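There are 2 protein chains.
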Amino acid sequence: MATNTWVEIDPLTPFSLSNLPFAIATTPLDPNPHIVTAIGAYVLELSTLIGNLSEEAHAVLFSPTDQYHLSRILASDTLNDFASLGRAVHRRVREGLQDLLGDSPTFPEALRDNPAVRARVMVPMGQAQFRMPVAVGDYTDFYAGYYHARAVGAMFRGEDKALMPNYLHLPVGYHGRSSSVVLSGTGVRRPVGQIVEGSGNPTPVTKPTGKLDLELELGCIVARSSPGLGERVKVEEAGEYIFGYVLLNDWSARDVQKWEYVPLGPFNGKNFATTISPWVVTADALEPYRVKPSVELGVETQEYLRQGREDRVFDIQLEVDLTTAEGVTTTISRTNSRHLVWSFEQMIAHHTLGGCPLRTGDLLGSGTISGPGGPGEAGCLLEATLDGSKPIEVQADGKTVTRSYLEDGDTITLRGFCGPEGARVGFGECTGRIEAAKWP
Amino acid sequence: MATNTWVEIDPLTPFSLSNLPFAIATTPLDPNPHIVTAIGAYVLELSTLIGNLSEEAHAVLFSPTDQYHLSRILASDTLNDFASLGRAVHRRVREGLQDLLGDSPTFPEALRDNPAVRARVMVPMGQAQFRMPVAVGDYTDFYAGYYHARAVGAMFRGEDKALMPNYLHLPVGYHGRSSSVVLSGTGVRRPVGQIVEGSGNPTPVTKPTGKLDLELELGCIVARSSPGLGERVKVEEAGEYIFGYVLLNDWSARDVQKWEYVPLGPFNGKNFATTISPWVVTADALEPYRVKPSVELGVETQEYLRQGREDRVFDIQLEVDLTTAEGVTTTISRTNSRHLVWSFEQMIAHHTLGGCPLRTGDLLGSGTISGPGGPGEAGCLLEATLDGSKPIEVQADGKTVTRSYLEDGDTITLRGFCGPEGARVGFGECTGRIEAAKWP
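Going down the list, the sequences are from chains A and B.
Going by full-length UniProt numbering, the first sequence opens with residue 1, and the numbers climb by one from there.
Going by full-length UniProt numbering, the second sequence opens with residue 1, and the numbers climb by one from there.
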């Protein structure tokens, strides 16, 4: 397989030939939302490209897919129908595109040596407007970031009770809210909620949250629907149900969450917004970056969760930037997704164990990802600042300021990538800016 | 408004002229799923009926709706588009139908005195096959049944800590799973899950639940979508966002739930199936049956939850039948929805307080409804049997047997109705039969 492309790319681009993620965009060439991929600083109009290949080129590069059908699906306004075609088709399409974009294409006249076609299918990325990549049916958020779960547990229950007993045996998760999953770039209004101030005072006040937080997560998009109600997906088959991955910011209002979450879990403290990146990095693109989790739970795994391989998670470098209202940026966290202790295959096996159906486009969040190294590796401010008691420092307009939690006008940007320069597999950015509360 | 109908009806039918609920069905007259209403033992083909009215009859009975548009929407395969038209349209359509079906119709030739039209639009209910009434976007389950929350809390935490402090101040709820919301009549497979046996033993085993339970609830279907991310719906406007109500059984696996639910709430213990009735009873049909909740929380209500009326809930008589595999039925519970302590308007105001969007077709569950009078008024077996320690008696094939929790082959049927004989407003039935687990 080609690793170099004839397209001129920045060696630091997350969109090398090794990646080829998928997104939904409108462009000057096609004002209807449709599926695109990325190569360097360009998006590629896939329906047009595939639809105009010669029969021979399609047969060699993309068989056994039907050219008309594939081109039509690539014109969709969500990735759902494409995702539902299954891993074999995603793989075939990505490999066909790697041939077309590689430095020794089988059909040079199909794209590389054809200025007319290039003009019809290559669009500078800055001219594309992105849309939600998938129609999300259900959103489930897990809690598989070991160091985050331990640090937050220790903060609230003490070091010896940091992890609840069930944490060692199952991927703890809860049902989130799909109606508030939004695209990177969408403004996030500071939510209002019931808040109890001080301790020992059980009378809440209703007001804007004073503890608005981010949560750095990896999201997984479900490809095929599971067999149905009452049927499970075995862990060894679960990989076939994964379309790809996004960056995910599960914004949280810690004061609202703290008051409401017993006994039924987080509700308004979480459901006001969840931001995902526009680019879905395919499961195949991340396959070479599988690693062992950085930590093991030290108990025997229930049989239905035994995946039969040690390299269950990905070696994705993750970063969080905070940009103040004045436009000054500080990288406040650097961590890695190998700190997840459960894989998405295990999450799928657990989620369907009782027969709960998964559907194409469902979104699974990993849980907040933090490293073991303290505030600079924390995936949220609750953990980095010890619930605001030790504020972190960020740069503002020529001076250093502190943050316990997010302030109006702050922008959070998540980034993630694997691989060496020139062959990076990354997500681009997942951003959101805090807007002032609307209250009363 | 007419209260008597020219259609011959059983005085005990839940589908009197005062009701006119909506459902999705296929019939011998129209094999495509479409919208129907019910009168006595008949379903009525609404698209055909409305589409074939004279212009004058439509104008008088259904203006200002557009006849073509309304007829087209009534041919939909879900109620979503109809629901999104808003309360004024639902009310107008119901009132127009009450005229057509009432004992002094303005246009007798439109239906009553026209055998040809009657033959094209009236179908014996037994010939109709029902479908899911709405495409559910998100499903949220609240916990507003006061006596249930108190009884279960007392069981697990003792009488003095029965209600958590937040219970008095907000409608506690959690996000459920929309992919497993199913129509009445769908089989419910006994789920498998992680279960810890005995106490003080933190190693779970994976096996079929031994504590399969029902939960008697009222469900609310959202009509209009809320204004969007970051916008709230005020409690005094919330009624306009309600299309109607269904019976809802939130099946639960108590042993699975107990192990998994700390700290993020119920997950696999709840997400394997939630059953709803096919008929959506409109908000208007229940309006005459508003009453005060049977209990007050005794604290000052937060301003955003003050509804400005005391009659916030409905006087709906509710019953639960258990039918054994041999086909013998025992009514195991009789209670009333006035034991809900928060209204659906309050739930909507709370749900959107932080800016979480509601969408047409979203489903809100009330939480389990129990009365104060012990096992015979309990809305679930956890409560009726004190977690299995005091089994209830049910009738089987010529003998009395006990139930701690549900057994394979048991069928649970929920029923609910208001009003006097001849003018009943009811839901029909919401049923599900337990199928054996599929394990390993």
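No wet-lab data here; the hints were simulated from the structure.
Warning: the hint list may mix true and false statements.
Because identical chains cannot be distinguished in the list, a pair is counted as satisfied if it fits within a single copy or across any two copies.
Derived lysine-lysine pairs resembling DSSO-like cross-links, with alpha carbons at most 30 angstroms apart [what the hints assert, rightly or not]:
id, residue 1, residue 2
1, LYS258, LYS399
2, LYS161, LYS258
3, LYS399, LYS292
4, LYS234, LYS207
5, LYS234, LYS399
6, LYS438, LYS161
7, LYS390, LYS292
8, LYS161, LYS399
None of the values given here were measured: they were computed from a predicted structure.
Hint-by-hint comparison with the structure:
1. LYS258 - LYS399: neither (33 angstroms within a copy, 51 angstroms between copies)
2. LYS161 - LYS258: both (18 angstroms within a copy, 18 angstroms between copies)
3. LYS399 - LYS292: So LYS399 and LYS292 fail the 30 angstroms test inside a copy (41 angstroms) and across (58 angstroms) alike.
4. LYS234 - LYS207: between (45 angstroms within a copy, 15 angstroms between copies)
5. LYS234 - LYS399: So LYS234 and LYS399 fail the 30 angstroms test inside a copy (54 angstroms) and across (42 angstroms) alike.
6. LYS438 - LYS161: neither (39 angstroms within a copy, 35 angstroms between copies)
7. LYS390 - LYS292: Result: close neither inside a copy nor across copies, 32 angstroms intra and 49 angstroms inter.
8. LYS161 - LYS399: The answer is neither: 40 angstroms in one copy and 50 angstroms across copies each exceed 30 angstroms.
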